[in-house]
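Colleague: Sequence:
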Amino acid sequence: MFKRLFISILLITSLMLTATGRTLVMQDATSPPPAEEEQLTPEEELEARALAEEFIARFEKTQDVTPLLADMYVSDFVERLRDDDEIEQLIPFSVKREVAAQASSEEIRRLYAASINGIYLGMRLYLAADKKRKQERAQRGETVDPDSGEELTVAEILPPGLIQLMRSDPKLAAILEKELEREERERASPQNQTNTEPPDAIQPVENASDAKENLSSAATDSSQEADEIDSLEDMVPLKSLDDLRHYTKLMEQGVALIRERLKTLPPELNTSLGKYFDNEIAAATKDDQAQETKDMIYPRLSISSKEYLGYPAGTRIICAHPLIFHLQMVRGTDGHLKIFNVQMLSD
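Final position of the sequence shown in the working numbering is 347; the numbers increase by one with none missing.
Among the hints, erroneous ones may be present.
[Claimed, not checked] Label-pair distances were calculated between CB atoms; the ranges are:
hint : residue 1 : residue 2 : range
1    : 300       : 63        : 23 to 31 Å
2    : 310       : 106       : 17 to 25 Å
3    : 168       : 333       : 41 to 49 Å
[Unchecked claim] Derived BS3-like pairs: lysine-lysine, alpha-carbon spacing no greater than 30 Å straight-line:
hint : residue 1 : residue 2
4    : 61        : 249
5    : 239       : 306
6    : 132       : 263
7    : 263       : 275
8    : 132       : 178
9    : 306       : 131
10   : 239       : 96
11   : 131       : 178
12   : 96        : 178
13   : 338       : 61
14   : 249       : 178
15   : 132       : 61
16   : 61        : 134
17   : 249       : 338
18   : 275       : 132
19   : 134       : 178
20   : 338       : 306
21   : 239       : 178
22   : 239       : 249
Read the hints as simulated data drawn from the structure, not as lab findings.
Cβ atoms here follow ideal geometry from the backbone N, Cα and C, with glycine treated the same way.
All chains should be built: construct the whole structure from the sequences, respecting the hints.
Modeller: Below, the structure is given as structure tokens:
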């Protein structure tokens, strides 16, 4: 399910993410605390947990990370992000540092907010579609095998407004066409010939092949550009300031459309991520795996082994994993913990 989820999120928010997701947890920047004195203090753990819980509570209420940036993040997080290689892994973007250097602080802030909002709302939209499919099949008396590997279709996930938005951009139109072609091949395969009623089909993208050709011919290296469009393995880079501005605007439009779509759903489909995961845990058997999932938020300490987002080696970086996010926190100039980066967990 999650492979399809990540692809769907980036169909929503404009680009393609790795097919298996990408865990960004400072694997090279930090190392486990080697000494007892480098463990979290009880006070640090309580403060970090409270900050993570507040982040999720406020985010779930507003469905927008923008107002949280002012008082929950370090004041210079935009500059730290822009000046670090981390900007090249800002899901769903790979922003070249030379491009980020040309952008204003407000443009980077908007890009970051659109990315985080798209991930969160894309997950909400996907889960709503998944619940709707199960609900409809249950009403028809059909059983759903959770291990079947059956994936949701684009038509089930994306409302018409998002499809129209994607078709307004040649690159997104080409990505959408490729996804629809993949779905058609899967439907035509013998193992998928069932009596299950298919969802309404989406018509092929008009002139999608022309869109691919035009995009490739506009690039310096057309074969490389074509590979970027066709691949589900890589994020597509934003190569210019115009790219950054264009796709930030498209993502913001997509996020607004998702919010409007979620408002139209019945409460049983439009649930918060917190409630969804609580229900999943409650339904699971009480084994070690369920307990581990329940305890994932607990804060952990990493000591940076080299400079990371402008913080020198040896910095105490506290991490927590609320819901689908990986929060990274440091002690701010006011003496309180502040967030300096938020990333998406892949599993």
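Colleague: Now tell me if each hint is right for this structure.
Modeller: Okay, the hints, checked on the actual structure:
{"no.": "1", "hint": "300 <-> 63: 23 to 31 Å", "result": "holds (27 Å)"}
{"no.": "2", "hint": "310 <-> 106: 17 to 25 Å", "result": "holds (19 Å)"}
{"no.": "3", "hint": "168 <-> 333: 41 to 49 Å", "result": "holds (44 Å)"}
{"no.": "4", "hint": "61 <-> 249", "result": "holds (23 Å)"}
{"no.": "5", "hint": "239 <-> 306", "result": "holds (28 Å)"}
{"no.": "6", "hint": "132 <-> 263", "result": "holds (15 Å)"}
{"no.": "7", "hint": "263 <-> 275", "result": "holds (17 Å)"}
{"no.": "8", "hint": "132 <-> 178", "result": "holds (25 Å)"}
{"no.": "9", "hint": "306 <-> 131", "result": "violated (44 Å)"}
{"no.": "10", "hint": "239 <-> 96", "result": "holds (6 Å)"}
{"no.": "11", "hint": "131 <-> 178", "result": "holds (26 Å)"}
{"no.": "12", "hint": "96 <-> 178", "result": "holds (26 Å)"}
{"no.": "13", "hint": "338 <-> 61", "result": "holds (20 Å)"}
{"no.": "14", "hint": "249 <-> 178", "result": "holds (23 Å)"}
{"no.": "15", "hint": "132 <-> 61", "result": "holds (23 Å)"}
{"no.": "16", "hint": "61 <-> 134", "result": "holds (26 Å)"}
{"no.": "17", "hint": "249 <-> 338", "result": "holds (28 Å)"}
{"no.": "18", "hint": "275 <-> 132", "result": "holds (16 Å)"}
{"no.": "19", "hint": "134 <-> 178", "result": "holds (26 Å)"}
{"no.": "20", "hint": "338 <-> 306", "result": "holds (20 Å)"}
{"no.": "21", "hint": "239 <-> 178", "result": "holds (22 Å)"}
{"no.": "22", "hint": "239 <-> 249", "result": "holds (16 Å)"}
Comparing the model with each earlier hint shows a violation of hint 9 alone; every other hint is respected.
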